[in-house]
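There are 2 protein chains.
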Amino acid sequence: MKINPVIETLLNHRSIRKFKDQALTEKQIRILVESAQAASTSSYTQSYSIIGVDDPKIKKQLRAIASDQAYVEQNGCFFVFVADQYRNKMIGETSGESTAVLNTTQRLLVALGDACFAAQNMAVAAESMGLGICYIGSIQNDIDKTSEILHLPDFAFPFFGMAVGYPDQHPEKKPRLPFAAIYHHNRYNPAPDQNSLKAYDQRVADYYRMRTGGQREETWTSQIADGLGRPYRKALKPYLERHHLGLR
Amino acid sequence: MKINPVIETLLNHRSIRKFKDQALTEKQIRILVESAQAASTSSYTQSYSIIGVDDPKIKKQLRAIASDQAYVEQNGCFFVFVADQYRNKMIGETSGESTAVLNTTQRLLVALGDACFAAQNMAVAAESMGLGICYIGSIQNDIDKTSEILHLPDFAFPFFGMAVGYPDQHPEKKPRLPFAAIYHHNRYNPAPDQNSLKAYDQRVADYYRMRTGGQREETWTSQIADGLGRPYRKALKPYLERHHLGLR
Chain X
-11 MKINPVIETL
-1 LNHRSIRKFK
9 DQALTEKQIR
19 ILVESAQAAS
29 TSSYTQSYSI
39 IGVDDPKIKK
49 QLRAIASDQA
59 YVEQNGCFFV
69 FVADQYRNKM
79 IGETSGESTA
89 VLNTTQRLLV
99 ALGDACFAAQ
109 NMAVAAESMG
119 LGICYIGSIQ
129 NDIDKTSEIL
139 HLPDFAFPFF
149 GMAVGYPDQH
159 PEKKPRLPFA
169 AIYHHNRYNP
179 APDQNSLKAY
189 DQRVADYYRM
199 RTGGQREETW
209 TSQIADGLGR
219 PYRKALKPYL
229 ERHHLGLR
Chain Y
-11 MKINPVIETL
-1 LNHRSIRKFK
9 DQALTEKQIR
19 ILVESAQAAS
29 TSSYTQSYSI
39 IGVDDPKIKK
49 QLRAIASDQA
59 YVEQNGCFFV
69 FVADQYRNKM
79 IGETSGESTA
89 VLNTTQRLLV
99 ALGDACFAAQ
109 NMAVAAESMG
119 LGICYIGSIQ
129 NDIDKTSEIL
139 HLPDFAFPFF
149 GMAVGYPDQH
159 PEKKPRLPFA
169 AIYHHNRYNP
179 APDQNSLKAY
189 DQRVADYYRM
199 RTGGQREETW
209 TSQIADGLGR
219 PYRKALKPYL
229 ERHHLGLR
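If you're matching them up, the sequences are chains X and Y in order. Residues -11 to 236 in this note's numbering are what the first sequence spells out, letter by letter. Residues -11 to 236 in this note's numbering are what the second sequence spells out, letter by letter.
Treat the hints as calculated values from the structure; they're not laboratory data. Incorrect hints may have been included.
In this list, chains with the same sequence are indistinguishable; a pair is considered to hold if it fits within one copy or across any two.
What the hints assert, rightly or not - Calculated lysine-lysine pairs in the BS3-like style (CA-CA distance at most 27 Å, straight line):
#: 1; residue 1: 162; residue 2: 225
#: 2; residue 1: 45; residue 2: 15
#: 3; residue 1: 15; residue 2: 162
#: 4; residue 1: 15; residue 2: 186
#: 5; residue 1: 6; residue 2: 47
#: 6; residue 1: 47; residue 2: 186
#: 7; residue 1: 222; residue 2: 8
#: 8; residue 1: 133; residue 2: 15
#: 9; residue 1: 186; residue 2: 45
The whole structure should be built from the sequences, with the hints applied where relevant.
Here it is, written out as structure tokens:
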């Protein structure tokens, strides 16, 4: 099969964690957001918002929340993707309808999905324009503070950020799990092939060794196992409950 | 700004609900899944699985769950995107580590995000290949049955399906909210411009009128308001709780 320029862009993805000191233009931001908006949206609800952050003070605050990662502050623009039911709540209230649906797990899932589909479209659009991106989950480290900084109302959840800008590094592609570990045929296969997983571990170890000049020795399975013992961001569930985001 | 072929593909999206009777090839499925895998994944956890369904019996069962929508059965291939922590749970258990993290809201959000980023990449790849797609949220209508049909273990949640195939219809693009209703600058703007929302309602009404030959008269805000009063899919929260999917 001939690989087209779109699939080439997709397969060529790597996260960028160092950007040149060059702001995105308004035109670039517009095309990124319009690309995001073109993604599918569950039942046409468009239950998400995108906040573009270029105010240096706000960026600095978000960086402090996000484990002090420099690229949260230093980039072409920082976007926050919000699972957003506030807009639709206002529409319901204006029309005098009940808004009972919004505070349900079903609708929370819809809003989370909408935010992600839009974000991934933005990521793809950015990379096609020669920009780099990095998703930033760690704005959730202090979800209350993030929400306060961005003046979020109830019914809105800041799911993740995305740093976008001109790449100032050229990392290798990070190896993905073997096809057969992700893909199942007609029914879930609970037992991925152990040999292919071992080979994958080897590839990941090689990747880290190369990236760090031999400083980091780590397989994928060891990294996964290490992360499973210490729950964190325990404020997320109370946040969702307090802001009417549907755990019911 | 010059629009490149990638952004053209993104902006050109429309959901397809009628497919030709032509199955995807194994090669096509491979490139779709590999495109999906290339998406970002939170903390490298790769917490998702993709189940490709081509067994006519299973497709028929899923169609029955999904409000009897014909295109769930009739397509080139039907994919189910699973927010999947089972794989990583097995890895943790094999290594003797605690797996306490998996049953937290934080990790549920990670798995949901990973499934969405992968899915949206697949959607973009498919459309770049001349295929059409439609997300299918309604496999959640009977989440227990969907899970049973696909033999899903605990720690795995079938988030949505995606019908992919050769389009047998050419719908118009569905209008999206005005840029200013989705995009906020530095802080959340709780009051979208009412005039631009009215103009948008008019565009949506025109779209439906054209698509249905005048049969359907509906604005976007009326559609949103109508859907807010009747909670449904109430089994989702108990499902997540019962299958150790982290509402804590």
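Review point. Between residue 186 and residue 45, at a C-alpha cutoff of 27 Å, which is it: within one copy, between copies, both, or neither?
Key: neither (46 Å within a copy, 35 Å between copies)
Review point. Is it within a copy, between copies, both, or neither that the alpha carbon of residue 162 lies no farther than 27 Å from that of residue 225?
Key: neither (31 Å within a copy, 34 Å between copies)
Review point. Is it within a copy, between copies, both, or neither that the alpha carbon of residue 222 lies no farther than 27 Å from that of residue 8?
Key: Neither: 35 Å inside a chain and 48 Å across chains, both beyond 27 Å.
Exercise for review: Classify it for me, residue 45 with residue 15: is the Cα-Cα distance of at most 27 Å met within a copy, between copies, both or neither?
Suggested key: within (23 Å within a copy, 49 Å between copies)
Review point. 27 Å Cα cut-off: does residue 47 pair with residue 186 within a copy, between copies, both or neither?
Key: neither (41 Å within a copy, 34 Å between copies)
**Study point:** Status of residue 47 relative to residue 6 across identical chains (alpha carbons, at most 27 Å)
**Key:** within (15 Å within a copy, 46 Å between copies)
Check your understanding: Given a CA cutoff of 27 Å, do residue 15 and residue 162 count as a within-copy pair, a between-copy pair, both, or neither?
Key -> The answer is between: 23 Å across copies meets 27 Å, while 31 Å in one copy does not.
Check your understanding: Between the shortest in-copy and the shortest cross-copy C-alpha distance, which are at most 27 Å for residue 15 and residue 186: within, between, both, or neither?
Key -> between (46 Å within a copy, 25 Å between copies)
Exercise for review: Classify it for me, residue 133 with residue 15: is the Cα-Cα distance of at most 27 Å met within a copy, between copies, both or neither?
Suggested key: Result: close neither inside a copy nor across copies, 30 Å intra and 47 Å inter.
In summary, the structure is inconsistent with hints 1, 6, 7, 8 and 9 from the numbered list given earlier, while agreeing with the others.
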